[in-house]
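Participant: Here is how the chains run, residue by residue.
2 protein chains.
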Amino acid sequence: MSDQNVLTSQKVDFPRWYQDVLNKAQLSENGPVRGTMVIRPYAYAIWERMQAEVDVRIKATGAENAYFPLFIPMSYINREAEHVEGFSPELAVVTHAGGNELAEPLAVRPTSETVIGEYMSKWIQSYRDLPLLLNQWANVVRWELRPRAFLRTTEFLWQEGHTAHATEEDARDYAVCILHDVYRDFMQTVLSIPVIVGRKTRRERFAGAINSMTCEAVMGDGKALQMGTSHELGQNFSNVFDISFVDVAGEKQFAWTDSWGVSTRMIGGLIMAHGDDNGLRLPPAVAPVQVVIVLVKSDLTALSWASEFAARIAEAGVRVKLDDRVETPFGRRVVDWELKGVPVRVEVGPRDLDAGTVTIVRRDTREKASISSESAQAHVMDLLREVQTDMFVAASDALKSRVVDVPGLNEVAEAAQESIARVAWTSVGEEGENVLAARSLSVRCLQRPDGSTPESDDEPDLIAYVARAY
Amino acid sequence: MSDQNVLTSQKVDFPRWYQDVLNKAQLSENGPVRGTMVIRPYAYAIWERMQAEVDVRIKATGAENAYFPLFIPMSYINREAEHVEGFSPELAVVTHAGGNELAEPLAVRPTSETVIGEYMSKWIQSYRDLPLLLNQWANVVRWELRPRAFLRTTEFLWQEGHTAHATEEDARDYAVCILHDVYRDFMQTVLSIPVIVGRKTRRERFAGAINSMTCEAVMGDGKALQMGTSHELGQNFSNVFDISFVDVAGEKQFAWTDSWGVSTRMIGGLIMAHGDDNGLRLPPAVAPVQVVIVLVKSDLTALSWASEFAARIAEAGVRVKLDDRVETPFGRRVVDWELKGVPVRVEVGPRDLDAGTVTIVRRDTREKASISSESAQAHVMDLLREVQTDMFVAASDALKSRVVDVPGLNEVAEAAQESIARVAWTSVGEEGENVLAARSLSVRCLQRPDGSTPESDDEPDLIAYVARAY
Chain U
11 MSDQNVLTSQ KVDFPRWYQD VLNKAQLSEN GPVRGTMVIR PYAYAIWERM QAEVDVRIKA
71 TGAENAYFPL FIPMSYINRE AEHVEGFSPE LAVVTHAGGN ELAEPLAVRP TSETVIGEYM
131 SKWIQSYRDL PLLLNQWANV VRWELRPRAF LRTTEFLWQE GHTAHATEED ARDYAVCILH
191 DVYRDFMQTV LSIPVIVGRK TRRERFAGAI NSMTCEAVMG DGKALQMGTS HELGQNFSNV
251 FDISFVDVAG EKQFAWTDSW GVSTRMIGGL IMAHGDDNGL RLPPAVAPVQ VVIVLVKSDL
311 TALSWASEFA ARIAEAGVRV KLDDRVETPF GRRVVDWELK GVPVRVEVGP RDLDAGTVTI
371 VRRDTREKAS ISSESAQAHV MDLLREVQTD MFVAASDALK SRVVDVPGLN EVAEAAQESI
431 ARVAWTSVGE EGENVLAARS LSVRCLQRPD GSTPESDDEP DLIAYVARAY
Chain C
11 MSDQNVLTSQ KVDFPRWYQD VLNKAQLSEN GPVRGTMVIR PYAYAIWERM QAEVDVRIKA
71 TGAENAYFPL FIPMSYINRE AEHVEGFSPE LAVVTHAGGN ELAEPLAVRP TSETVIGEYM
131 SKWIQSYRDL PLLLNQWANV VRWELRPRAF LRTTEFLWQE GHTAHATEED ARDYAVCILH
191 DVYRDFMQTV LSIPVIVGRK TRRERFAGAI NSMTCEAVMG DGKALQMGTS HELGQNFSNV
251 FDISFVDVAG EKQFAWTDSW GVSTRMIGGL IMAHGDDNGL RLPPAVAPVQ VVIVLVKSDL
311 TALSWASEFA ARIAEAGVRV KLDDRVETPF GRRVVDWELK GVPVRVEVGP RDLDAGTVTI
371 VRRDTREKAS ISSESAQAHV MDLLREVQTD MFVAASDALK SRVVDVPGLN EVAEAAQESI
431 ARVAWTSVGE EGENVLAARS LSVRCLQRPD GSTPESDDEP DLIAYVARAY
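Heads up: the sequence lines are chains U and C, in that order.
For the first sequence, my numbering begins at 11 and goes up steadily by one.
For the second sequence, my numbering begins at 11 and goes up steadily by one.
The set of hints was computed from the structure by calculation and includes no laboratory data.
Only a predicted model underlies this, so the values are computations on that prediction, with no experimental measurement involved.
Just to be clear, a hint being listed does not mean it is correct.
What the hints assert, rightly or not - When the alpha-carbon atoms are kept at most 30 Å apart in a straight line, the in silico DSBU-like pairs for lysine-lysine are as follows:
#1 U:262 with C:34
#2 C:21 with U:34
#3 C:69 with U:331
#4 C:331 with U:132
#5 U:34 with C:69
#6 C:34 with U:132
#7 C:21 with U:69
#8 C:331 with C:307
#9 C:21 with C:410
#10 U:262 with U:34
#11 C:233 with U:34
#12 U:331 with C:132
Build the full structure now, drawing on both the sequences and the hints.
Facilitator: Here is the structure:
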């Protein structure tokens, strides 16, 4: 199916490399409607692992999954002023259904704060009903002018959490907990992607939020990617949807709400953070196939050893595939498995096996080792753990080398062409953001000098991370 | 929250009983748009278990999950004549997006044969690419005139499988495999719901299919519910979407395709097949909470025993909840757990505990037993297995008692008021189906005398199951 050097080199043309990987590794195709995409089985299998790992972390915070309708009456969207301003240019609208024109047009949900707010209002009466912690896994639609598979598509899959709290403090703590204990932990330990965690500037906030916090990752070309966000909505939605409760003292109070989400965009991030000129490099925790056993050529002893070995490591919980398609040249199959990013490859040839060895190759470093066939299982199990952490270490080094301190706004533009520029927020400010925007740069987030997340854009000594971004 | 006798009795008004259960057990609410619904956390947790159990069975057949776009160009839907005729009255249509009127209106998918057919056509070239076995978990929209939560909603969640095969025989075998090994097995072993499996008559077929097969269950009021279907589409879609391949002999052939699905409708089936006047009765395999430990009153020794017991059975893999809300009257909490259908309840009171016992109650039969606290864990584990199979046996007996043999069409109408009438298909026929339809009855499916599924409506000696249906 694939030949040597099937991919455009990252250095030559990163966006074309990305497209090549999507096609050749059979990850996605454009949908029939502009901006939509088909998620093919290999990419969907990655998404299923992502979902499972994020879901268990979400549930550990006490949130429960539910499902709210796809169609939202336009009147709901129109209730929160900033929200409607932010989303109305991106809405897809149903005007006809069941053969008739509808009395009220329906928005296809771009996000569900409004419809979930309506039900929170019904379900919350007393302080005893708080916090109310809901999440849903769903598709959403935002009409995109410059779509790109996984990164920016008209329809995408995500989880959107919506929670209501009795106090501002509780809402803030929970939003931070999602950002750190769910998103950052997932990205770092499962995706092996280090992230810069911080606060969005007013300009970059979610439409209707009082505070947006983000996990930003760096891609192979030095651009930043927003991988997940957690928003404090203050009392904006609770005022508009009357999400109120009677407190301990018997007084009516409005709840403080949060919303937070990660999406199939993370698949794009995974491709671009780890991929190289040979294709995907997948951390074992999300790899649909963790170990591929490649039969070098037709040989009964080798086949029998390989089958038995596959069964043994499958039994030990490894997702393993046996490639015995010996009618296809060995080299071509190897290229294909590298393209697909399978973390560990075991090559089984009759000559090696006679000598009591097999060749084990790790995808991340492409390091090869001749290992005695008897200790192959232990070696593979160790390697899966090692690759997972080594990929995180390598990505952390890459991130570090991409972050450059610059003295002021004047130096940012050049530094941010291939790096993430760290600069004093005071030397940028809201006016500086306009200057940056004109050069396709943006402040990805603000941090305190100690790396923690500020509670306001106006705290002293804040540091801004400036970059080009997807 | 709930009082004694909160529910309308099934005998008095079954539809109102159903509505009462949905409200009181906090399963669903109507969405803001007519016909849509909100799936609340307790029902969604049931759906998650259903998904997991169906998904593992689907994957065992070799199918892979993928995701295709929500929006389908109207021109796609219009290509297959019967398909468009069947679905166009139910379509929701997007006419505006991104602030502009669209050149071509978009259907919100009612089902995805057309869009998936388009991609199958690209992905299938040779007989080596077959069978192509795809599935997706997704939301779909069909504008419903008489909506009812879970059973018939404008938007619902489902899995839709779409497969392409080299021969008619392979397509038929696979469609049957899904019907029996995935759907029937899941319904009987996980949901504890026995089903009648058979062939739909021409009148009841899926729009565009050459054969529709179904799993039909009987509800508490004697009505039938179609729980899942598996369709052979013949070459109808492969002709229209050019799903073709080069066979071993080098000749171009059109593929044979299937489609098959189960949906959130099964939640409605679960409620109505097992529920009683006290509420839900959930089989342990899908119960979000399998065992509830109810503290009778405030007592430190009892609380300590209950907490320790909860931890112990949780460790053993049981989904357990400790109800220590002693400020709420014990009786009211018991009513609530019965309403929620929790399969096993352990009541822990200080007096019993002093005597070395706890009270264990199974929800299906409401049988109570005083059990020594030392053997409580073993008893609970046994009971979970027992309840699962006993519920299936009880539901099978109920089904048997509901099926009545009648001599001919004249006798069907009366028999089918509260039963499922079995009658010779020759005495009904397509004309008879019109007569039945006028009385709100339908042929649910056809079977051979030995219970197997016929390959044509015209086989001799077929038996028709006639019933009112949801």
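Participant: Next, verify each hint and record whether it holds.
Facilitator: Okay, the hints, checked on the actual structure:
no., hint, result
1, U:262 with C:34, "26 Å, holds"
2, C:21 with U:34, "61 Å, violated"
3, C:69 with U:331, "15 Å, holds"
4, C:331 with U:132, "25 Å, holds"
5, U:34 with C:69, "24 Å, holds"
6, C:34 with U:132, "14 Å, holds"
7, C:21 with U:69, "39 Å, violated"
8, C:331 with C:307, "16 Å, holds"
9, C:21 with C:410, "20 Å, holds"
10, U:262 with U:34, "59 Å, violated"
11, C:233 with U:34, "51 Å, violated"
12, U:331 with C:132, "26 Å, holds"
Hints 2, 7, 10 and 11 from the earlier list are contradicted by this structure; the remaining hints agree with it.
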